[in-house]
Amino acid sequence: MRNKLAPLLAAALVFAALALPAVANAAPQPPKRVVALTPFAANTLAKLGVTPVAIGQTLGGAERFSPKLKNVTELPLSHPNGPNLEQLASLNPDLVFSSQTWAKGNQAMDELGIDVVVHDPRSVAGAFADTFKIGTIMGRKHYARDLLQQQRKEVEAAEQGIEKRPKVMLILGVGRTPFTFLPNSWGGDIVTRAGGKLLTGGVTSNSGFERISDEVVVAENPDIIIAVPHANEDDIPSLTEYLRSNPAWSSTKAAQSGRVYISVDNSLLQAGTDIARTIRKVRRAYLKN
Amino acid sequence: MARRAIVFAALVAALLAAVVCSLAFGAVKVPISEVIDIIFGNGGSPTDVQIVETLRLPRTVEAMLVGAALGVAGAILQGALGNPLASPDVIGVTGGAGFGAILIIILLPGSIALLPLTALAFGLLAAALVFAFAWTGRNRGSVGKVVLAGIAMLSLFTAGTTGLLAAFPERAPSAIFFIAGGLTSSGWRDLETVWPYFLAGFLVVLFLIRPLDRLALGDDVAASLGSRPQAIRLGAGIAAALLAAASAAIAGLLGFLGLVVPHVVRMAGGTSSHTYVVPASAIGGAALLAGADTLARTLRAPIEMPVGPFMVILGVPLFLWLLRKAV
Numbered sequence: 001m002r003n004k005l006a007p008l009l010a011a012a013l014v015f016a017a018l019a020l021p022a023v024a025n026a027a028p029q030p031p032k033r034v035v036a037l038t039p040f041a042a043n044t045l046a047k048l049g050v051t052p053v054a055i056g057q058t059l060g061g062a063e064r065f066s067p068k069l070k071n072v073t074e075l076p077l078s079h080p081n082g083p084n085l086e087q088l089a090s091l092n093p094d095l096v097f098s099s100q101t102w103a104k105g106n107q108a109m110d111e112l113g114i115d116v117v118v119h120d121p122r123s124v125a126g127a128f129a130d131t132f133k134i135g136t137i138m139g140r141k142h143y144a145r146d147l148l149q150q151q152r153k154e155v156e157a158a159e160q161g162i163e164k165r166p167k168v169m170l171i172l173g174v175g176r177t178p179f180t181f182l183p184n185s186w187g188g189d190i191v192t193r194a195g196g197k198l199l200t201g202g203v204t205s206n207s208g209f210e211r212i213s214d215e216v217v218v219a220e221n222p223d224i225i226i227a228v229p230h231a232n233e234d235d236i237p238s239l240t241e242y243l244r245s246n247p248a249w250s251s252t253k254a255a256q257s258g259r260v261y262i263s264v265d266n267s268l269l270q271a272g273t274d275i276a277r278t279i280r281k282v283r284r285a286y287l288k289n
Numbered sequence: 290m291a292r293r294a295i296v297f298a299a300l301v302a303a304l305l306a307a308v309v310c311s312l313a314f315g316a317v318k319v320p321i322s323e324v325i326d327i328i329f330g331n332g333g334s335p336t337d338v339q340i341v342e343t344l345r346l347p348r349t350v351e352a353m354l355v356g357a358a359l360g361v362a363g364a365i366l367q368g369a370l371g372n373p374l375a376s377p378d379v380i381g382v383t384g385g386a387g388f389g390a391i392l393i394i395i396l397l398p399g400s401i402a403l404l405p406l407t408a409l410a411f412g413l414l415a416a417a418l419v420f421a422f423a424w425t426g427r428n429r430g431s432v433g434k435v436v437l438a439g440i441a442m443l444s445l446f447t448a449g450t451t452g453l454l455a456a457f458p459e460r461a462p463s464a465i466f467f468i469a470g471g472l473t474s475s476g477w478r479d480l481e482t483v484w485p486y487f488l489a490g491f492l493v494v495l496f497l498i499r500p501l502d503r504l505a506l507g508d509d510v511a512a513s514l515g516s517r518p519q520a521i522r523l524g525a526g527i528a529a530a531l532l533a534a535a536s537a538a539i540a541g542l543l544g545f546l547g548l549v550v551p552h553v554v555r556m557a558g559g560t561s562s563h564t565y566v567v568p569a570s571a572i573g574g575a576a577l578l579a580g581a582d583t584l585a586r587t588l589r590a591p592i593e594m595p596v597g598p599f600m601v602i603l604g605v606p607l608f609l610w611l612l613r614k615a616v
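First to last, the sequence lines map onto chains D and U.
With the numbering used here as the guide, the letters of the first sequence map in order to residues 1 to 289.
With the numbering used here as the guide, the letters of the second sequence map in order to residues 290 to 616.
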């Protein structure tokens, strides 16, 4: 019996020795040439020690990028495709981290044979999940785990010691019909974590934003109004005055007590990797809690 | 005559109903008895007083004024150009006002307080360019030339608007309501800025009603009766430009109203006489916009939706029904 099994075992060992490297070679390799169209993906890659071949930059945008990405090629983004597809293809990327904003472009990239994944979180929990997913895709699960542990600790510390929970109306855009951030938006989640009670009029929306009636603003009477208007630092005084004197809002506690603020960076609009810093800034500069 | 009186009565009733609904309903429930007390200065809770006096009342007045202005602008343009497809779009006002507003929203957000004036200025500029091209060279002042110059100007300004929106997509949400058309709760602020343009537009229209009726007989007949067809067309164009640009400054782009309302009142009244069509279009336009705005802000309250689609929902079935009967 032993004599009969020996050749079989030997054959199996030889087969395993030959087959294993082949199996190992077949395992997916992390992409080498990566393009990050969102600041979240770009900064997460930088924190994981990966330098993308290009990052996206919207015209007039105020995206905050890690200093590690200083010399990385910038791809101008415009609606509806996002990057210029010829420019993108010339970079020969293995993978593009994109956003739903460029849905049409994502489809076109896919048709060009470029792999696209969408990671543009709208909540802090979503940012944590996406950080780990990006780490996994890039073969840096271990670094992603360390980064997540550090981020979670920092966020918990930033949320500590909240003494007041003021009612906050957080609005997107300028004009006479601004949209209100809802809890399922990035800014809404940040303000809630910073201790604010979001004024929403009980509205929910998949988009995370909705135009709500000024009658609700008068009735709910927010303590604080924060506007995210896509404007420049120089515009802050005139915009603050415009919002404060809005007939619909001028009698609110926010306007009466001079607590109408303008946030001109994108920290409340787009997911970032410096989450704890953003929460601390909201608490210190706006909520004062 | 009796038919016109019935149509007038129906339009006035519709306007009254729309105004009452506009004042009585909103995202916040205010009892109708309290609304009446507030309107007649008999008090109410401070919050309700502010909602009715600062938000609903000015908005209702704006809806009536803008609806009337667009209805009249469409009526006189259709009469002056002898073209059933004429509306404020045709003389470039809508395209120009849209471009002016988007320019502020996208490129100069810090100057947002200037939005109504910029929309007004660009609307009037577009109309002035249309008149300048249409009233120079051969066939000056001809209907074809006015319409073609208007379409060219509309295309030019629309291209500029689209280009700005495509270049700054993240800023586009702020522009959606202006483009889709909608009233806001900005108190009396916007009206304080643009009321002289409404007044000037309506005054010019008063002097055009009879000349427009003569023009309807044809240029030659009108000339033989002592009228000057080109001057009437220019006057109608200027009045329509003032009314439509002032409307766009307050309520964004609401092209549909100016096109459809005059046809509806013409078909319902069975006459094209401007002594009937112009005031009936004013009342019909006011009723339609006040009603549509009430729907836009109450149907999914407290979410506010653009008023444009609601005007179409309210106006098109009636328009198609009358069109079927007329044909």
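These aren't lab readings, by the way, just hints derived from the structure by calculation.
Hints are not guaranteed to be accurate.
Computed far set for chain U versus chain D, every beta-carbon distance over 10 Å [as the list claims (entries may be wrong)]: (1) C310; (2) I321; (3) E323; (4) T343; (5) P398; (6) W424; (7) N428; (8) A448; (9) A456; (10) P462; (11) G471; (12) S474; (13) W484; (14) K614.
Below, simulated SDA-like cross-link-like pairs (lysine to any residue); rule was C-alpha separation at most 20 Å, straight line [as the list claims (entries may be wrong)]: (15) U/K434 with U/Q519; (16) U/K318 with D/K104; (17) D/K104 with U/E459; (18) D/K253 with U/K434; (19) D/K104 with U/A456; (20) U/K318 with D/G202; (21) D/K104 with U/V338; (22) U/K318 with D/A219; (23) U/K318 with D/G201; (24) D/K253 with U/L453.
Using C-beta positions, here's what the derived DEER-type ranges look like [claimed, not checked]: (25) D/K133 with U/P485: 58 to 64 Å; (26) U/V605 with D/Q100: 42 to 48 Å; (27) U/V605 with D/K68: 53 to 59 Å.
Note that the structure is a prediction, hence the values are computed from the model and not measured.
Virtual Cβ for every residue (Gly too), placed ideally from N, Cα, C.
Each hint, compared with the structure:
1. C310: The claim stands: U/C310 keeps its Cβ more than 10 Å from every Cβ of chain D (closest is about 15 Å).
2. I321: Holds, because the least Cβ-Cβ distance between U/I321 and chain D comes to about 15 Å, which exceeds 10 Å.
3. E323: Holds, because the least Cβ-Cβ distance between U/E323 and chain D comes to about 14 Å, which exceeds 10 Å.
4. T343: violated (5 Å)
5. P398: Its Cβ does come within 10 Å of chain D, the nearest being 4 Å, so this is violated.
6. W424: holds (35 Å)
7. N428: At about 41 Å from chain D, U/N428 clears the 10 Å cut-off, so the statement holds.
8. A448: Correct as stated: the minimum Cβ-Cβ distance to chain D is 15 Å, above 10 Å.
9. A456: The assertion about U/A456 is violated, with a minimum of 5 Å to chain D.
10. P462: violated (5 Å)
11. G471: violated (7 Å)
12. S474: violated (4 Å)
13. W484: U/W484 clear of chain D: closest Cβ-Cβ about 16 Å, beyond 10 Å.
14. K614: Given that every Cβ of chain D is farther than 10 Å from that of U/K614, nearest at about 38 Å, it holds.
15. U/K434 with U/Q519: holds (12 Å)
16. U/K318 with D/K104: violated (42 Å)
17. D/K104 with U/E459: Holds, because 15 Å separates the two Cα atoms, which is no more than 20 Å.
18. D/K253 with U/K434: violated (56 Å)
19. D/K104 with U/A456: holds (15 Å)
20. U/K318 with D/G202: holds (15 Å)
21. D/K104 with U/V338: Status violated; Cα separation ~48 Å.
22. U/K318 with D/A219: Since the Cα atoms of U/K318 and D/A219 sit roughly 10 Å apart, the hinted pair holds (cutoff 20 Å).
23. U/K318 with D/G201: Status holds; Cα separation ~13 Å.
24. D/K253 with U/L453: Cα-Cα ~36 Å, so violated.
25. D/K133 with U/P485: 58 to 64 Å: Distance hint for D/K133, U/P485 holds at roughly 59 Å.
26. U/V605 with D/Q100: 42 to 48 Å: violated (33 Å)
27. U/V605 with D/K68: 53 to 59 Å: holds (57 Å)
Checked against the numbered hints listed earlier, the structure breaks hints 4, 5, 9, 10, 11, 12, 16, 18, 21, 24, 26; every other hint is satisfied.
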